[in-house]
Amino acid sequence: MSEAQHPLRIQELVVRYGWGESVISGVSIALDPKEIVGLIGASGAGKSTLLRAVQRLVEPESGQIFLNGVELTGLPPRELRGARRRLGMIFQEHALIGRLSVMENVLAGTLGRTGFWRSVRRRFDPEDVQEAFGLLERVGLTGFEDSRCDELSGGEKQRVGIARALIQHPDVLLVDEPTASLDPATSVRIMSLITEICLERGLAALINLHDVPLARRFCPRIVGLLDGQVVFDGPASALDDAVLRRVYGDEAVGGDEILGH
Amino acid sequence: MIESATHRRLIIGGLALYGLLALVTLDIDLARIAEGLSRASAFFAGWLRPDFVTRWTDIRAGLLESLAMTAVATAVALLLSIPLGLAAARNLVPGPVYTAARGVLAVSRAFHEILVAILFVAMFGFGPFAGVVTLVVGSVGFLGKLLAEAVEEVDPAPLEALTAAGASWGSRVVFGVLPQIMPRMLGLALYRLDINFRESAVIGLVGAGGIGATLTTAFSRYEFESVSAILILIIGMVFGAEVVSGRLRQRFL
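Taken in order, these protein sequences are the chains called C and E.
Counting in our numbering, the first sequence runs from 1179 upward without gaps.
Counting in our numbering, the second sequence runs from 3 upward without gaps.
Part of the chain C face toward chain E, derived, beta carbon under 7 Å:
{"no.": "1", "residue": "Gln1233"}
{"no.": "2", "residue": "Arg1259"}
{"no.": "3", "residue": "Arg1263"}
{"no.": "4", "residue": "Met1267"}
{"no.": "5", "residue": "Arg1277"}
{"no.": "6", "residue": "Leu1278"}
{"no.": "7", "residue": "Gly1287"}
{"no.": "8", "residue": "Val1298"}
{"no.": "9", "residue": "Gln1346"}
Each pair of labels, with its calculated beta carbon distance range:
{"no.": "10", "chain 1": "C", "residue 1": "Arg1301", "chain 2": "E", "residue 2": "Ser222", "range": "54 to 60 Å"}
{"no.": "11", "chain 1": "E", "residue 1": "Phe241", "chain 2": "C", "residue 2": "Pro1255", "range": "51 to 57 Å"}
{"no.": "12", "chain 1": "C", "residue 1": "Asp1328", "chain 2": "E", "residue 2": "Ile116", "range": "39 to 45 Å"}
{"no.": "13", "chain 1": "E", "residue 1": "Glu155", "chain 2": "C", "residue 2": "Asp1361", "range": "27 to 33 Å"}
What the hints contain is simulated information worked out from the structure, not anything from laboratory work.
Source: prediction; values computed, not measured.
Cβ atoms here follow ideal geometry from the backbone N, Cα and C, with glycine treated the same way.
All chains should be modelled from the sequences, with the hints used to inform the complete structure.
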C-alpha cells in the first residue's frame, strides 16, 4: 500500500528519556483508513509514551511518523502546530480545565485555528460554536454547555474530551486509556461512543487500553507492546493465552483476570 | 535525647555559663529603666484615652491617602506581576527567560520596604508617590514569585491537551494556565492589599506619605492620645479588609 493511503504510519520509532534506556525501541505500526487499533501492554510497556511521541509531546530520538503521507518528525514548530490539529487526542483522566465551562473546554479544541486575541475575548467563530453544540448533542451532553467541568462525573468529563478532540477535525484519533478512571459500565459506554464516532466519521484510531476484554470487544486489530517493542500485531480473534503471556509475561496470565473469561 | 549523662551535663553547664556571660555584657542601667517606665506609663495613659477629634482632619487625610496608595500600588503590582510570574515559571518558558524573570523578582524582594522607601523618598521627594512606588516594588516581588509558584504547580494535563490541539503559547496560557491560577491570584492579591495597607503605615515613618506620616508627626509631638487613635483606626482598617476579602473570596472562589 502506498504511503498516502495510511492515515498514520509509525516507522522504527525510538524514544528515550534523558540518557536512560529507550522507552520505545523501534516500533513500527501502520494504520489503514478507518482502522481501529487497540494498543495493549503492561504498565511501563510504553503505550502512553508512544502516543505522546506521535503528537511530538515527547520528541522521538529516531524513526519517522507519517500523517496521511506527511512526515511529522522534523516539522518546524509552526507547521507542527498545524499538523497537531489533524491528530485528535483523547486523554487518560480527560485533561479538561476544571474551572472552565463545558462549552469553553470543547472550543479549546479549536485553539489551533482561533487567533490569540479572539480566544482571550472568547470570540469564537460562530460556526465552531454551532459545531460544538452539535458535538455535545452527539456525545449526549445537551444542556450541559454552561456547567463547570469540575462538576461533571467521570464519564461526562470523558465525553467532553471526545467532543474537544472531534472539533479539531482530526484525521486520526489518538486515545490514551479513555476508561482509566471509569466504572465498567461507563467504560463500555465510552468505548462504544468512541468507536461509533470513528465509524461515522471514517476516522482511524489508535487506542491505548489496559483492559484486554474491552480491547478485544471494540478493536478489530490489536498491537501488543512489551518493553517498548511490538510483540504482537494481529486481529483481535488471534488474541489467545499464548499471546497474552508474551505481552504480559507468564505469571500475569492466570487466564481469567486479564482475559475476562 | 542525648545518651551520655556527661555530655548532657557539659552542654547544660556550657549554656548556663554562656547565658551568664551574655547577661554581664548587657550593661543594664537601672536609672534608664526607671525613666523608660515613667515614659511608658505616659504612653499607656494616652493609649487609654484615644483622641480622634483634635487631629481629625490630619488623621482622615492620612487614612485616605494610605487607602489610595494601597489600592493603586496593589492594582499596578498585580498587572506587572502577571507577565513576570508567567515568565518566571519553569514549565512555561525557556531557561534564559526564566532566569531573567527570577532575577528581576529576586532584586525587587532583596531590600526591606523601609530601605526601598528611603531610596525613593530621596529620589522623588516626600509624599505618597514615593510610597506608591515602594509598595509596587515590594508587591511585584511578592506577587510575582508566588504567582510563578502557582503556575509551576498547575495540572500539566490540560496544557498538554491544548498543545496537542495545536494551540499557540498565548492561547495555552489564557485557557490552560490562567483559569487554574485564578483563585490563587485573587487570594494573593487580597492578601497583598492587606499587607500594603500595613506597609503604608510603616513607610510613612520615613516620609513616604500616608497614615504613617500622620503617625510620626503625632509621635514627635508627644500626642499619645492621637497616636492611640491612629493605631486603633489602623487595626479597624485591617480588620475591615479581612471582612471584605472574606466576602470576595466567598463570592469568587
